[in-house]
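All chains should be modelled from the sequences, with the hints used to inform the complete structure.
Protein chains in written order, with this note's numbering: chain A, 1 to 364; chain B, 1 to 364; chain C, 1 to 364.
FYI, nobody ran anything at the bench for these hints, they're computed from the structure.
For every residue, glycine included, the Cβ atom is placed at its ideal position computed from N, Cα and C.
Okay, derived cross-link-like pairs now, DSS-like style, lysine-lysine, Cα gap no bigger than 30 Å in a straight line:
1) 70(A) to 28(A)
2) 61(B) to 213(C)
3) 28(C) to 61(C)
4) 61(B) to 19(B)
5) 19(A) to 61(A)
6) 19(B) to 213(C)
7) 323(B) to 61(A)
8) 213(C) to 28(B)
9) 213(B) to 61(A)
10) 361(B) to 361(A)
11) 323(B) to 213(C)
12) 61(C) to 213(A)
Negatives, chain A to chain B, calculated, CB over 10 Å:
13) 60
14) 67
15) 82
16) 87
17) 151
18) 154
19) 172
20) 209
21) 217
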Amino acid sequence: MPVLLAPEQAPTLHELLAKANTIGLDCKPVDTSNEPAPRIRGLGSLTSAGPAEVSFLSNPKLQGQLDDCKAAAVIMTDAVYQTLQPESYSYRVVLCSQPYLMYALLAQWFDQHRIDRLETGIHPSAIVSPTAHIADGANIGPFCVVEEGARIGRGTRLGPHCVVGAQSVIGDDCLLHARVTLYHNVVVGDRAILHSGSVLGADGFGFAPDPHKEAGAWAKIAQIGGVVVGNDVEIGANTTVDRGALENTVIGNGVKLDNQIMIGHNSQIGDHTAMAACVGVAGSTIIGQRCTIAGAAMLSGHLVLGDDVHVSGGTAITSNISKPGRYTGVYPFSEHTQWQRNAAVLSQLAQLRRRLRSMEKNTQ
Amino acid sequence: MPVLLAPEQAPTLHELLAKANTIGLDCKPVDTSNEPAPRIRGLGSLTSAGPAEVSFLSNPKLQGQLDDCKAAAVIMTDAVYQTLQPESYSYRVVLCSQPYLMYALLAQWFDQHRIDRLETGIHPSAIVSPTAHIADGANIGPFCVVEEGARIGRGTRLGPHCVVGAQSVIGDDCLLHARVTLYHNVVVGDRAILHSGSVLGADGFGFAPDPHKEAGAWAKIAQIGGVVVGNDVEIGANTTVDRGALENTVIGNGVKLDNQIMIGHNSQIGDHTAMAACVGVAGSTIIGQRCTIAGAAMLSGHLVLGDDVHVSGGTAITSNISKPGRYTGVYPFSEHTQWQRNAAVLSQLAQLRRRLRSMEKNTQ
Amino acid sequence: MPVLLAPEQAPTLHELLAKANTIGLDCKPVDTSNEPAPRIRGLGSLTSAGPAEVSFLSNPKLQGQLDDCKAAAVIMTDAVYQTLQPESYSYRVVLCSQPYLMYALLAQWFDQHRIDRLETGIHPSAIVSPTAHIADGANIGPFCVVEEGARIGRGTRLGPHCVVGAQSVIGDDCLLHARVTLYHNVVVGDRAILHSGSVLGADGFGFAPDPHKEAGAWAKIAQIGGVVVGNDVEIGANTTVDRGALENTVIGNGVKLDNQIMIGHNSQIGDHTAMAACVGVAGSTIIGQRCTIAGAAMLSGHLVLGDDVHVSGGTAITSNISKPGRYTGVYPFSEHTQWQRNAAVLSQLAQLRRRLRSMEKNTQ
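Pasting the structure below:
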């Protein structure tokens, strides 16, 4: 169920917009009604928003949905507003040059309102080492464990069942949802959002063949590096970031990682790079700034990707990329029988090329 | 180690079969022995079942294993029974038109027997908000956290370390294994089975470029929709179902999700659709009823798949599918050197086609 | 932050090397200095190690980094040592025929030193069934739950929030990091390392069509087998190993599984096989000894892979492999527009082959 504020907690439309204006986004309601501004209990899409919710139009393809929209107010550009027929709509219009960003800010406000109401302090069931330091205003949830020498910054909230390992550091104003695990010697910057089940600092996958044992046996290379996460990073549910073998695995500022991503040891992710779910990055790979890696892509180890590289979903990157742009390598799907017929030829491609060459020679 | 009942808890063969008969499955033992019916402590395969276990034959390829089977009883069709040589076997025969379904029901009985014996009530270590509602007969395990306004239905069991977020609702007769996390405003129907490490309601992956910050920076689009899960759903270990951006992510009735699956925000999964492990479904994709998605397949966002669509393992679905059937797109593996030779030609396919066309013209 | 010992806890170089010598690795410092042996607080790479750390050279490509290395000591082969110019370096040289293995051992020593200092005993917040057996010298961390009949071996350590299900058994000298979940009837051998979020023994994915319910409905096949894990196994963060349907899922001795791997029910993994992150193994697949499966590879169900099979990253294995060697099947990536041009031809490959054949006939 989408989140709705109780009516008595809901801000008026103008109070809500004032929030966005403070950060420099221009927006103003077209006030053609004498009625008092409605109270806004939540946000909705053009088709779902009810009379106590605000909606927005950013995708031009959805403009047709404006006619039947039942929202209290709709955020739109002036260009869209000029196309509206008077009397054809019942919502208030809010003009904004960037409706999508405006929507993002309003959604943040509603979510923050929910978070602000959570309790603060150290829950009596939490176990905090006497040598750990919890800043004022931090919240340590039920059954959390904060080990020796760890530090938790101001305004940071830990949901239930979080574990912060020895000597690990979390900055200010972070939000750790339930059940986030940091091993020892992991550093997280300010304003991080870490989702449930994420694990930072587990051992990287490092083994050396051990000739002193039976054939094939492995000796563990203990992973004694750490993890360093910058500011404004979000890490999705059940994502894992392994600790470095000797040095640190590094997640840059503003990096956004979706769910079930795996970042191998010693890797470095540049600032503002975003990865969709199920991506795997093998060890020691360095990724530039402002890259986007779409879902289920995989990157081999020991690679270097430059800035502004965009990898398509499901693509395996197996060599360095220095030039910005979009890169793809995914087998196009088709009906199964058609795939069978065509895929069978893949094992003969080199041979087909030879035969073609040979024909070309013969017919010259 | 497979689960075996203690001898004094084991039902007789007839007591066990009576259970299956109550739900309408025809089955009857061929009682050729004067000895008392054996007590059945567990189930096993034809090759592993011992003299206190029952087995079954459903796959005709395994019929040869009947000769050496040491089970107390074997469930089989009448057609198979007619082929048996008298004196060639020592087990009791149970005739059933659907041996595999019969096996499924018996296995359920054994597992349910185990579950029924677990303690009920609210474990003293659990933290339950005074505004949460726990129905009679529910079980809240050690170290669980049930937040404000949450509701847990009759007969529902939460293993250790489960977290049920604020205003979330779990129906009747559900089984949450250890360490399941529901964020706030997540609704789960009746008879759900949720496995350890699964996370329902983490934030969907939504960001808008933020031109007020440095180049490439992202503004978070807070995810204020919810998750709605139907009845009779099973969700595997470490699977994640993200909450909707504005509306709900929806999992239909009877949906079965294996481990380590990722369902993106706003997606909708139709009734009785089943997905094997490691599947990724990007956001806002709508999947029909009775689909099967094999392991490690990935579906792009904003797609629509109709009913009865079957996706092969490892296949990337990147466009809509309206027609029922099986769809595949996976690169066939081969020995590495052979793959190298053939894959190198992939980057020349368009050119090869041109050359072929040109030859065809020239030789006409 | 990489882990560094406090100066007063740091061993001298000779004390540290003595450790490695005890297991039969030859190594000796070239003692050309009259100064006392330095105390070693940690390990570092050639470029990062400082004057209280030891480093090593195993990769010949990095030999150029020796010139500027600031480490207290560098482990290298005699062959490398012979190439050094006197006076061109300030570190102590340690000669060793296997520098990489030596590094692995030293890293283990530093990490073990950290682990040895953790508390032992049963944390007062842990909930241990009266019928469970905890061996002397084991450590049960905060908020752990050990259910009835479970057994924990000598010297085994459970981090916070671990759950050991009923009748499960963990051997001696294991290390379970925070938040590891074992369901009931799971057996783990000695010296296992299990990382956070790993789940052993969740239900395998088994369903039978249920004709007694609505079209498409599934009947659950309760999973009543177990999981058996050998000695010296490591299992990565958020990896899942499902319990068998009737028999056991089996992980052999010395197997190393990275993060976010999924092992389906009834599978068997041979001794010393190693899998990198994000690999999926579907149910009932049998993998031989000493195999390596690179990241994000997937194996279909009911396959048999022999010993010494090596699967490349991202490769889908869909049929049996009996011959040792390396196998690959991944679509090579390219710039997106180039990929589009060439991939479009994939759906015409069978047709192209026919056209080529036809031309060959015509021009003969």
